[in-house]
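2 protein chains.
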Amino acid sequence: MKQQRQIRQDAYKSGHGFINRYQKLIKDVVIPYQYEVLCDKVENTEKSHVILNFINAGKVLRGETVEDGFYGMVFQDSDAAKWIEAAAYSLSLFPDETLEETVDTLIDIIANAQDKDGYLNTYYTIKDKDKRWQNLMEGHELYCSGHMIEAACAYYEATGKDKLMQVMLKNVKHIYQVFMMQENEGFPGHPEIELALMKMYHMTGEPHCLQLAEHFINIRGKDPKFYEKEAKKRNWTIWGADPTNTDYMQSSMPVREQSDAVGHAVRAVYLYTAMADLASEIEDKELHTACDRLWKSIINRRMYLTGGIGSTGIGEAFSVDYDLPNDTAYAETCASIGLMCFASRMLELSIDRQYADIMEKAFYNTVLAGMQLDGKRFFYVNPLEVVPGIAGIAPTHRHDLPERPGWYTCACCPPNVARLISSFGKYAYGENEDTAFCHLYAEGEVSFENGLRLVCETQYPYDFEVTYKIISGNKKLAIRIPGWSKKYSIMVNGKKSECGLINGYVYLDVMSQDVVKVTLDGNPYFVYASSKVPQLTEKIAVCRGPLVYCFEGIDNEGDVLSIALKKQGKLEVKKWEEKILGNIVKITAEAMKAQKIETLYTLEMPGKDNYTAVAVPYYTWANRGINQMRVWMNSL
Amino acid sequence: MKQQRQIRQDAYKSGHGFINRYQKLIKDVVIPYQYEVLCDKVENTEKSHVILNFINAGKVLRGETVEDGFYGMVFQDSDAAKWIEAAAYSLSLFPDETLEETVDTLIDIIANAQDKDGYLNTYYTIKDKDKRWQNLMEGHELYCSGHMIEAACAYYEATGKDKLMQVMLKNVKHIYQVFMMQENEGFPGHPEIELALMKMYHMTGEPHCLQLAEHFINIRGKDPKFYEKEAKKRNWTIWGADPTNTDYMQSSMPVREQSDAVGHAVRAVYLYTAMADLASEIEDKELHTACDRLWKSIINRRMYLTGGIGSTGIGEAFSVDYDLPNDTAYAETCASIGLMCFASRMLELSIDRQYADIMEKAFYNTVLAGMQLDGKRFFYVNPLEVVPGIAGIAPTHRHDLPERPGWYTCACCPPNVARLISSFGKYAYGENEDTAFCHLYAEGEVSFENGLRLVCETQYPYDFEVTYKIISGNKKLAIRIPGWSKKYSIMVNGKKSECGLINGYVYLDVMSQDVVKVTLDGNPYFVYASSKVPQLTEKIAVCRGPLVYCFEGIDNEGDVLSIALKKQGKLEVKKWEEKILGNIVKITAEAMKAQKIETLYTLEMPGKDNYTAVAVPYYTWANRGINQMRVWMNSL
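Chains A and B are the protein sequences, given in the same order.
Sequential numbering from 95 applies to the first sequence in my numbering.
Sequential numbering from 95 applies to the second sequence in my numbering.
Hints were generated in silico from the structure; no laboratory data involved.
Incorrect hints may appear among the rest.
No copy labels: a pair is met if it fits in one copy or bridges any two.
[Claimed, not checked] Derived pair list, reagent style DSBU-like, types lysine-lysine, alpha-carbon separation capped at 35 Å: (1) Lys690 x Lys668; (2) Lys611 x Lys664; (3) Lys690 x Lys379; (4) Lys210 x Lys323; (5) Lys580 x Lys690; (6) Lys223 x Lys118; (7) Lys580 x Lys660; (8) Lys153 x Lys580; (9) Lys470 x Lys141; (10) Lys107 x Lys390; (11) Lys221 x Lys323; (12) Lys702 x Lys390; (13) Lys626 x Lys470; (14) Lys611 x Lys257; (15) Lys690 x Lys390; (16) Lys626 x Lys673; (17) Lys581 x Lys690; (18) Lys223 x Lys668; (19) Lys668 x Lys264; (20) Lys221 x Lys570; (21) Lys660 x Lys118.
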């Protein structure tokens, strides 16, 4: 049984603070900008063509001729789906008739691209109808359906309009026919539909959704040779993927037997999210245990300090334990979003701050770093060290770009960031009948379905006082105290509460008019890594609250490589700088800077001078031109 | 004009010491072992089949049917060539009738595989005669000829027998016809024949050799689109190489315009070797200047401390400046051999210890590390850090093996090490009419063509006293004082010489019965790297003489990652240990060892304990099972 569940999308309205600024940016800039991109109206970026693909698919279905056919990746449809999902969440935060009309029009276009039998995918509809369902490994048909199901759920929840929901229920019925009624043993190469089906099930109660999700989860890996057999049955491929590389697709063994997080990182965490959701839904102990193991595999051995996962660009994948290079990191933005989804579902299985800690780490560092502060450029890959001249250029560093591009051929990340930020409330707050949960600190107003209403006020993550004012209701309020906060205090109506922590949460009985004030530790701190991580031996990182800081050349005379922080050196929090990097707080660290040497190697120890190094939050890096960046610093 | 030139192969006989032990190992173990491999008689290693390829090619030429055809890489022939070259050098050191008979038999087989027109290559002769000379980019026909020319020269010099020399002169005549008389604008995708033709020219004076070498060097890069055009003319490929990747083949521009060492590292240094040889031969100032630039590009920005070059496995290639990762290093053994060849030719252009210093660095570290101490296993790739569990397994570390395999599908390195060690005298000593040059310290007897004869006695590189006894003659003796030797002394007949250095060489007038004793600095020392190398900031390495040391788990409680050396800590040279690692000297370093932490990241600074870390010479690593290894250590 779910210990608690995410709140409804419309239950949270951000107020005045960090989350609100980001959600407004999504509404004002990102959603319009991305729509322009989807309509191919932005110059000097990769072409999208996704809306034209849907229009053309509709034409093909009506027997009309199309000139420009299909363009893009086989999963191009999902860009539109994720944009609708982001727009839907944003509409529930900030009603906007024009945007709603735009979405309605796009939904009409999508509905017209659905075949009579419920099939919906522009790639196959335009290019070759006969290839449907022949290539689950590479084909992404189920993946695209999954994203469109998520869009349908979001738009239904935001507006009550069910046109897209009906389209997707019909699509699910079709998929149910194909996979449940025709002895098709296939399962998606890229998991996604499983978590989407669970969402749709929670929203509609439609039993086919649950059955189909359960089926796809259970059949995965049962026959590790499935994709090889599938490949032998057809004479075509999309990009020549290797059907024997089952780790890549998490299909080497049944999911309940899996212990290591392997393969394509986004696929992995999307799968684990669905597994965790299903485990709590049907109370499947074995599945729960598998989720626990996979969670630990990530958190204890395969995750960057920034919440980035999937350390290798080869297959956008998890590497082996402790292989966490800073400079050649992949750490895809989408993978950290998926990690947040997984963490959020793990919190439904078991209320423990470790899940919320990681969710917060991934959000404030990798997910936010995925987007330029102006909302118009995006990182797909999130290294922890960048050296111009090597990053983006050296053969092993081609994927590690020193600045954000405007769009990508494979454009999964940008709309994913938009939908995540717009739905932040769902990750921040949860509830069950008795209790309202504050997993993350998100300013604004929350109306829990259990009857509690509260307002949260805070300038977190740059201030560490969080005030909850209870507007109405009479419930338990559970507030997470983050693992990084070495000290904290809770004041209830001005009186100190001595209430202890249960798995990192403080539980308070609250009622209307109560005021709960949480004060966390706002001191900056160093982080150290296990010496099992070869690249991190003797390195230290600077953090404050949930924010990982980084050192950029622009603040440090163009050279952070020569800087070593003093091990017990003072960290000083500077004044807020509203005009720099969108309202941030810098940190300075006592350090030494090595004098330059002219040769590659030398026998004379380079001299060192005292230096004050300046750090900025990691998520703000690369907003001031191309320059060096380092998270993990040398120490002495 | 050449300032000096390598001595003849038969001018040097190793005596009693390090070089002799290695040359004996090559004779006693490596050459017989490798011959067994070439004959496919060694189990559990990659198949070679190279001798059968030659036999089969002969049969094809005689119109006989062959059953097992061709097996191996397109350049498989070169394995036999390099083995003959190694055997030839070894024969001149250690006469051996049985070995000589074996070589003679193999030469007969090779001669039988030559076509009437002089063409010699088993791949095309067996597989498809019509494909000859159509694919210079991938085809390796000129490369294989080059190695066989080197073999012919070595065997002729060692034994006076000219059968293989005649075969190859005929082959050169054929190549001359194809490339000089038929308006073929091609040039080898893999340089090698250029340096071989220069060798053959020095030995035979045959003008076609010089003309052809000059032609291949001059035409390279003149038309950067040559390989694209070539590819369009045929409908086949060997491994789908990209003809537009001209950097890979050093053909983006004419060689005289090149400034950065780029592309496949072995190709690069083989080319530069020939360029330097030609530059001194024909006194080509522009070519000399280009060689200088390319040398500096390698030495100042693209070379490991171990003399390894070509830092990336992607294309076995040079990366950009300062991209010198320890753990994902490629640093192919052959590339360091090629660097020695280049350095040796640069020394002919200009007598400067920088060339000999690098030659020595490459030899004592990367080249020797390329072979197991027992002579039966070989490294192709030479990382500076290995962590079991990551090395050889992580997607980005697949090429960095933690132990040496017995053979390779692409078996270029093992016989290359054998030929290099057996011809060490040529790199160690040089001469011109007036002067005998001691570039490297090699114990044994040397008979210079200029009339000087001397005996060198030393236990270098583990002892730092080198004695030269003049047996006969009356010439200048030039001895290099290595750059790493912070102090040195020269005694002539027991009297201290105050003679200064000219470009790192001391020049002494010597005559029969003179005894010159050189004492170098035998203190171990730390090396520091430029902070432009991201992976080496705040790291230090331990060296002694020409030897780079490394820290292996087996000497350090299984864990070198937790060790940080004290910056000004004492380095202590241990007693000689004859029974360990083939007679070596260990070094201990004052250090601190971090206490283990259980989590991936922690907010508490891990405690540290005093520790004495033990280092062994890098070339001996991975001779005691799989364990951690690190050259560049953290410092504090």
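For each hint, the structure was consulted:
1. Lys690 x Lys668: both (29 Å within a copy, 34 Å between copies)
2. Lys611 x Lys664: within (29 Å within a copy, 56 Å between copies)
3. Lys690 x Lys379: between (59 Å within a copy, 33 Å between copies)
4. Lys210 x Lys323: For Lys210 and Lys323, only the intra-copy Cα distance (30 Å) is at most 35 Å; the inter-copy one is 51 Å.
5. Lys580 x Lys690: For Lys580 and Lys690, only the inter-copy Cα distance (21 Å) is at most 35 Å; the intra-copy one is 39 Å.
6. Lys223 x Lys118: For Lys223 and Lys118, neither the intra-copy (41 Å) nor the inter-copy (70 Å) Cα distance is at most 35 Å.
7. Lys580 x Lys660: both (21 Å within a copy, 32 Å between copies)
8. Lys153 x Lys580: Answer is neither; intra-copy 61 Å and inter-copy 81 Å both fail.
9. Lys470 x Lys141: within (15 Å within a copy, 56 Å between copies)
10. Lys107 x Lys390: within (33 Å within a copy, 62 Å between copies)
11. Lys221 x Lys323: both (24 Å within a copy, 34 Å between copies)
12. Lys702 x Lys390: between (41 Å within a copy, 27 Å between copies)
13. Lys626 x Lys470: between (38 Å within a copy, 32 Å between copies)
14. Lys611 x Lys257: neither (44 Å within a copy, 95 Å between copies)
15. Lys690 x Lys390: between (43 Å within a copy, 19 Å between copies)
16. Lys626 x Lys673: between (40 Å within a copy, 32 Å between copies)
17. Lys581 x Lys690: Answer is between: at 25 Å across copies they meet the 35 Å cutoff, but 41 Å inside does not.
18. Lys223 x Lys668: neither (61 Å within a copy, 75 Å between copies)
19. Lys668 x Lys264: The answer is neither: 56 Å in one copy and 78 Å across copies each exceed 35 Å.
20. Lys221 x Lys570: neither (56 Å within a copy, 81 Å between copies)
21. Lys660 x Lys118: neither (40 Å within a copy, 52 Å between copies)
The structure does not agree with the numbered hints 6, 8, 14, 18, 19, 20 and 21 stated previously, though it agrees with the rest.
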